[in-house]
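Once you have looked at the hints, place chain S on chain V.
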Amino acid sequence: MRYTLTHLKELESEAIYVMREVFAQFENPAILFSGGKDSIVLTHLAKKAFYPGKIPFPLMHIDTGHNFPETIEFRDNLIKELGCELIVGSVQESIDTGAVQEETGKNASRNALQTTTLLDAIEANNIDAAMGGARRDEEKARAKERFFSHRDDFGQWDPKHQRPELWNLFNGKKNMGEHFRVFPISNWTEMDVWQYILHENIAIPSLYIAHERQVVWRNNAWLPVSEFITVEEHEKIETKQVRFRTLGDITITGGIESDADTLEKIVQEVASARQTERGNRADDKRGETAMEDRKKQGYF
Amino acid sequence: MSDSYLDMQLLRFTTAGSVDDGKSTLIGRLLYDSKSIFEDQLDAVESSSKKRGVDHVDLALLTDGLRDEREQGITIDVAYRYFATPKRKFIIADTPGHIQYTRNMVTGASTANLALILVDARNGVVEQTCRHSFIASLLQIPHLVVCINKMDLVDYSEQRFEEIVEQYKAFAAKLNVSDIRFVPISALHGDNVVNRSENTPWYNGETLLHTLETIHIDSDQDHVNARFPVQTVIRPKSDKYHDYRGYAGRIAGGVYKPGDKVTVLPSGFTSKIKSIDSYTESLSEAFAPMSVTITLEDDIDISRGDMIVRPNNQPEVLQDLDVMLCWLNNKSAQPRAKYTLRHTTNEARCMIKEVLYKVNINTLHRIEDDKEIGMNDIVRVKMRVTKPLFVDAYNDNRNTGSIILVDESTNETVAAGMIRL
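Which chain is which? The protein sequence lines are V and S, in order.
Oh and the first sequence: position 72 is 72 in my numbering, straight run, nothing missing.
One gets my numbering by counting positions in the second sequence from 1 and adding 1000 to each.
Simulated from the structure, these hints should not be mistaken for lab results.
By construction, the Cβ of each residue, glycine as well, lies at the ideal position given by its N, Cα and C atoms.
Keep in mind that a hint or two might mislead.
Unchecked claim - Quick list of the computed label-pair ranges, beta carbon to beta carbon:
hint : chain 1 : residue 1 : chain 2 : residue 2 : range
1    : V       : Glu200    : S       : Ser1238   : 21 to 27 Å
2    : S       : Asn1330   : V       : Glu102    : 39 to 45 Å
3    : S       : Lys1338   : V       : Asn126    : 54 to 60 Å
As the list claims (entries may be wrong) - Here chain V is said to cover these stretches of chain S; the calculated rule only asks that three of the stretch's residues, wherever they fall, bring their Cβ under 8 Å from a Cβ of chain V:
hint : stretch
4    : 1216-1227
5    : 1270-1281
6    : 1396-1402
7    : 1409-1419
Stated by the list, open to error - Straight-line alpha carbon distances no greater than 27 Å define the calculated BS3-like cross-link-like pairs of lysine-lysine that follow:
hint : chain 1 : residue 1 : chain 2 : residue 2
8    : V       : Lys80     : V       : Lys47
9    : S       : Lys1371   : S       : Lys1353
10   : S       : Lys1331   : V       : Lys160
11   : V       : Lys160    : S       : Lys1051
12   : V       : Lys173    : S       : Lys1257
13   : V       : Lys9      : S       : Lys1035
14   : S       : Lys1338   : V       : Lys174
15   : S       : Lys1237   : V       : Lys47
16   : S       : Lys1237   : V       : Lys54
17   : S       : Lys1353   : V       : Lys173
18   : S       : Lys1257   : V       : Lys9
19   : S       : Lys1272   : S       : Lys1240
20   : V       : Lys9      : S       : Lys1387
21   : S       : Lys1331   : V       : Lys173
22   : V       : Lys174    : S       : Lys1331
23   : V       : Lys160    : S       : Lys1174
24   : V       : Lys296    : S       : Lys1331
25   : S       : Lys1240   : V       : Lys47
26   : S       : Lys1087   : V       : Lys9
27   : S       : Lys1331   : V       : Lys80
28   : V       : Lys296    : S       : Lys1051
29   : V       : Lys174    : S       : Lys1387
30   : S       : Lys1237   : S       : Lys1272
31   : V       : Lys54     : S       : Lys1240
32   : V       : Lys54     : S       : Lys1087
33   : V       : Lys265    : S       : Lys1050
34   : S       : Lys1261   : S       : Lys1274
35   : S       : Lys1387   : V       : Lys173
36   : V       : Lys47     : S       : Lys1274
37   : V       : Lys80     : S       : Lys1240
38   : S       : Lys1035   : V       : Lys265
39   : V       : Lys47     : S       : Lys1257
40   : S       : Lys1338   : S       : Lys1382
Bound-form chain V, shown alone (with noise of 0.2 Å):
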């Protein structure tokens, strides 16, 4: 008997540990669920930690009101599996209510707008811990993360004071009104993710696989034509065979060209792909540090 760990195996470990730590050491956590493959996954790994137990925690969702309609059909097939609660948190409530004005113009969304309703959300729910499933690999500003991450009274970031982080010891001691962002996942790559949701034959959003839609060039990806774009005159709508890397706000989230129809061709694709998968979103393109500048304020 060897006593070693595969790669996956050794990363589901940590991820459960710091979720049971996350349990243990906060009176009210939540889970942040996009309906994205990473919080999919963090949302298998609960099922796993807390087994044959319920996952202790709700679901929380911000919605742009901009969705993919397959992604909340997803999101309530799983929470009835599951047996959670869900929490949504409504940007359209927010515009609605005044708290935010929405962007206009070609490029507008409410990427930037979800930070003040994930806010709100956290305070009126009193999340003291919102677990996430941003990877350190995906951002250079994530990069910098810790597993434990602290924010101030107003949800900020604060990333040149963070605690540091050693070992296994995870620091969650706040004072009122504070909170944690916790990112089990932290140590994954994208690849990581896909060989995980393949090896235990996790379901994903049909979104993910090769699918013909309707699509529109721009913003050197080939963006879903909903009737929450605007389709300027120049440019064509064409049906192409097209997967998505990332899900998340239906005006900003680019589709690539792929025949990657099954999880095993997703896996070799993504072996063999020469962009990063943030690369097809929009929202990271307003400039250098667009992600520690969103982060900052309280953004996922």
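Just chain S, lined up with the frame of chain V:
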């Protein structure tokens, strides 16, 4: 599709050094040659480099992601980078060379299997080399790989390489590291990094990447002394699992099997392991660092912070600790101040009772007349804890021999400690 990804292991390593040592170049080469840098990342780095008036592609910009880091051209914090080969997945904890050096290196080293130490072949072993190596030894990183870099600038001289190896060995005799290897490389030209170099026919050892891919890490965890700190208790109270009572945690040492006789600390009650559960699976054995749920034959009162061990192999139960402490905060340690202490899944309060000495990390000399504890200091102290802890010497088990201290007014993690017995 091949299932080879199910044979991959995870290796965590730390790199230390300044840009001048060629550290960024080396990491860049490992990432680039293993095809872990994406085109859009490279494009972004190229355009950022140009914007800053740098004439080469500055790979540090790949992970110096924060605005302040990019503006000042410095690395503020530990950056984690990832790459994989068909054999292993690697996590690099890349620690900055100058700013908050000790704090960052200690953080990065705490989870590493291996440390890469870079030496400039022209300069040989310098103060910084000693500092890196001392911290690697202090944090008990199991393997050290000394990369003697810029061999191209010393004409790939075997004699120069051997000189530096001897220099290093003389210094390392004072350290507590069992596995040290030396590789002559040129990160810039790629010699002996991924591919064996024709410029060093006298070198019969492995390339750096081959070493990283094959170095034996199964023994980095303690598989002898069984230690299971309980994280939380799982009680579903559902119809199907009405009486289920599982102790969830991550094995910190040893091997557990159903049927094993166990003792629970601190109560001292004994029982037998009924099952070791991992989701829907029941395991025939489990070992560090697996996260599992253990059920016992008897109903005993067990809660978070307790430890399940073997009756004939128990950790020390101590309230007075002898600790090597690294101070990580701008606010100095106050004499007789109380701190919150975290050890495995346990929490207690503690007080630093006595400072024995401070270590000069460049010379390893003990400083006995300076008892102030400030940022980046490494000090040996005596501590008193409000309740007994179940500890091993850090040198025997990093999981049960490590502690952190939390300031009770700021909630910040102010120190990391390694327990000595």
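Okay, the hints, checked on the actual structure:
As the Cβ distance of V:Glu200 to S:Ser1238 is approximately 23 Å, the hint placing it in 21 to 27 Å holds. The given range of 39 to 45 Å is respected by S:Asn1330 and V:Glu102, whose C-beta atoms sit roughly 43 Å from each other. Here the CB-CB span from S:Lys1338 to V:Asn126 is close to 29 Å, at odds with the stated 54 to 60 Å. Interface restraint, the stretch 1216-1227 of chain S with chain V: holds (4 residues with C-beta to C-beta distance below 8 Å; minimum three).
A count of 4 residues in the stretch 1270-1281 of chain S with a Cβ less than 8 Å from any Cβ of chain V is obtained; the coverage claim is therefore met, three being the minimum. Coverage of the stretch 1396-1402 of chain S by chain V holds in this model, with 3 residues showing a Cβ closer than 8 Å to a Cβ of that chain against a need of three. With 4 residues having a Cβ less than 8 Å from any Cβ of chain V, the stretch 1409-1419 of chain S passes the three-residue criterion, so the hint holds. This hinted pair checks out: V:Lys80 and V:Lys47 have alpha carbons roughly 14 Å apart, not beyond 27 Å.
This hinted pair checks out: S:Lys1371 and S:Lys1353 have alpha carbons roughly 12 Å apart, not beyond 27 Å. Annotation: proposed proximity of S:Lys1331 to V:Lys160 holds, straight-line Cα distance about 16 Å (limit 27 Å). With a C-alpha separation of about 24 Å, the suggested pair V:Lys160 and S:Lys1051 falls inside the 27 Å cut-off, and the hint holds. For the proposed pair V:Lys173 and S:Lys1257, the alpha carbon gap of about 35 Å is over 27 Å, so the pair is violated.
In summary, the hint linking V:Lys9 to S:Lys1035 is supported, as the alpha carbons are separated by about 24 Å, within the 27 Å threshold. For the given pair, S:Lys1338 sits about 17 Å from V:Lys174 by alpha-carbon distance, which is consistent with the 27 Å threshold. Distance restraint check for S:Lys1237 and V:Lys47: the Cα-Cα separation of roughly 16 Å lies within the 27 Å cut-off, and the hinted pair is therefore satisfied. At roughly 10 Å between alpha-carbon atoms, S:Lys1237 and V:Lys54 fall within 27 Å of each other, so this suggested pair holds.
Between S:Lys1353 and V:Lys173, the direct Cα distance comes to roughly 24 Å. Compliance with the 27 Å bound is thereby established for this hinted pair. Between the alpha carbons of S:Lys1257 and V:Lys9 the distance comes to roughly 19 Å, so the proposed pair stays at or under 27 Å and holds. Between the alpha carbons of S:Lys1272 and S:Lys1240 the distance comes to roughly 23 Å, so the proposed pair stays at or under 27 Å and holds. At most 27 Å may separate the alpha-carbon atoms for a hinted pair to count; V:Lys9 and S:Lys1387 exceed this at roughly 34 Å.
Simply put, S:Lys1331 and V:Lys173 have alpha-carbon atoms about 18 Å apart, close enough for the 27 Å limit, and the pair holds. Distance restraint check for V:Lys174 and S:Lys1331: the Cα-Cα separation of roughly 18 Å lies within the 27 Å cut-off, and the hinted pair is therefore satisfied. The straight-line distance between the Cα atoms of V:Lys160 and S:Lys1174 is roughly 35 Å, outside the 27 Å bound, and the hint therefore fails. For the given pair, V:Lys296 sits about 24 Å from S:Lys1331 by alpha-carbon distance, which is consistent with the 27 Å threshold.
For the suggested pair S:Lys1240 and V:Lys47, the alpha carbons sit about 17 Å apart, so the restraint of at most 27 Å is met. Between S:Lys1087 and V:Lys9, the direct Cα distance comes to roughly 15 Å. Compliance with the 27 Å bound is thereby established for this hinted pair. The hinted pair formed by S:Lys1331 and V:Lys80 fails the criterion: a straight-line CA distance of about 50 Å is larger than 27 Å. Distance restraint check for V:Lys296 and S:Lys1051: the Cα-Cα separation of roughly 24 Å lies within the 27 Å cut-off, and the hinted pair is therefore satisfied.
A C-alpha spacing of about 23 Å is found between V:Lys174 and S:Lys1387, which places the hinted pair at or below 27 Å, so the restraint holds. Pair hint S:Lys1237 plus S:Lys1272 holds up; C-alpha atoms about 22 Å apart against a cutoff of 27 Å. About 12 Å separates the Cα atoms of V:Lys54 and S:Lys1240, which keeps this hinted pair within 27 Å; it holds. Distance check on the hinted pair: V:Lys54 and S:Lys1087 sit about 36 Å apart at the alpha-carbon level, beyond 27 Å; violated.
Taking the CA atoms of V:Lys265 and S:Lys1050, the gap is near 37 Å; set against the 27 Å cutoff, the hint is violated. Distance hint between S:Lys1261 and S:Lys1274 is fulfilled; the C-alpha atoms sit about 10 Å from each other, no more than 27 Å. A hinted pair counts as satisfied when its Cα atoms are at most 27 Å apart, and S:Lys1387 with V:Lys173 qualifies at roughly 20 Å. Distance check on the hinted pair: V:Lys47 and S:Lys1274 sit about 22 Å apart at the alpha-carbon level, within 27 Å; holds.
Taking the CA atoms of V:Lys80 and S:Lys1240, the gap is about 19 Å. The hint holds against a cut of 27 Å. With a C-alpha separation of about 19 Å, the suggested pairing of S:Lys1035 with V:Lys265 holds against the 27 Å cut-off. Straight-line distance between C-alpha atoms of V:Lys47 and S:Lys1257 comes to about 24 Å, which keeps the hinted pair within the 27 Å bound. For the given pair, S:Lys1338 sits about 13 Å from S:Lys1382 by alpha-carbon distance, which is consistent with the 27 Å threshold.
The earlier numbered hints that this structure contradicts are 3, 12, 20, 23, 27, 32 and 33.
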